[in-house]
Amino acid sequence: MFDTQAHSTRRSLLQASAGAAIAAGLWPTAVLANDAVEAAFAARKVDDVLAALGVAPKAAPPGLGIDAPDIAENGAVVPIGVKASLPGLEYVALIGEKNPVPLIAVLFAERQSAIDANLRIKMGETSNLRLVAKTRDGAFAVSKEVRITVGGCAG
Amino acid sequence: MAQTIRGRAVTAGDTTEVRLLITHPNENGLRKDGDGKPVPAHHLKQLTIANGDVVLMRARLSGGISKDPVLAFRVQGAKANDRLLVAYEDTKGNKESLTVTVAAS
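For the protein sequence lines, the chains are A and B, in the order given.
Once you know that position 144 of the first sequence is 144 in the numbering used here, the rest is easy, because the numbers rise by one and skip nothing.
Once you know that position 78 of the second sequence is 78 in the numbering used here, the rest is easy, because the numbers rise by one and skip nothing.
Among these hints, one or two may not hold up.
Claimed, not checked - Which residues of chain A face chain B? A partial, calculated answer using Cβ under 8 Å: (1) V37; (2) F41; (3) V77; (4) N99; (5) P100; (6) V101; (7) L103; (8) A105; (9) L107; (10) F108; (11) Q112; (12) A117; (13) N118; (14) I121; (15) K122.
Derived by calculation from the structure, the hints in this document are not laboratory data.
For glycine and all other residues, C-beta sits at the position ideal for the given N, C-alpha and C.
With the rest of the complex left out, here is chain A (with noise of 0.2 Å):
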């Protein structure tokens, strides 16, 4: 099939890339291209997350929850679960109101209808975490006081 044995050697160094590229398509850095969420990361105040994201959240219908606990012993881990099953879901964005990086994380929906996911976050003092979620019919928000004895700044 091959004429040459150069032939050969570069159909196979092709086969390679192709392979790496397939594996570098999964990679993070491939995917995402949101410079609106990398705006949000950069901001310092709540509003300034919000206008970055472009979002203006109303009260959320029943489907979008934030498990927190009411006292956190150690800001350094505080244990949160999102929830989140709403019609045309993009994202949803989990922020600390007092946090000096409000924006703590954005979790992409992808091509699945539902968000369900347990992290462990900081807190660096007693304040309302926000779960923003963005959809094709706009954005929602529920918040959850969390009170923090012993600050997360350490951590």
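Using the hints provided, position chain B relative to the given structure of chain A.
The following block gives chain B in isolation, referenced to the frame of chain A:
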């Protein structure tokens, strides 16, 4: 380099729970060390879970995630014996991945 992701995946019905323990300092860049010098930021930035070509979960994270975090994601689109690729990249460009085989519950 030592493996920094540990994880397992268990499926029950149409939902698969992927639990991960990622060993990472997750420095947010705001802390100072004992000498008062700022500790540079070094935290997880991107995390994905994929089944073959299908991305099941994708997250963008800040330094607000705990050190050595335990994370759990419940996703659709995987069944027993599927091999899921878990991959992260941090703010220093380090990339790590782990393949976990989905177990039946």
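Results for each hint:
no.	hint	verdict
1	V37	6 Å, holds
2	F41	6 Å, holds
3	V77	5 Å, holds
4	N99	5 Å, holds
5	P100	5 Å, holds
6	V101	5 Å, holds
7	L103	6 Å, holds
8	A105	5 Å, holds
9	L107	5 Å, holds
10	F108	4 Å, holds
11	Q112	6 Å, holds
12	A117	5 Å, holds
13	N118	4 Å, holds
14	I121	5 Å, holds
15	K122	5 Å, holds
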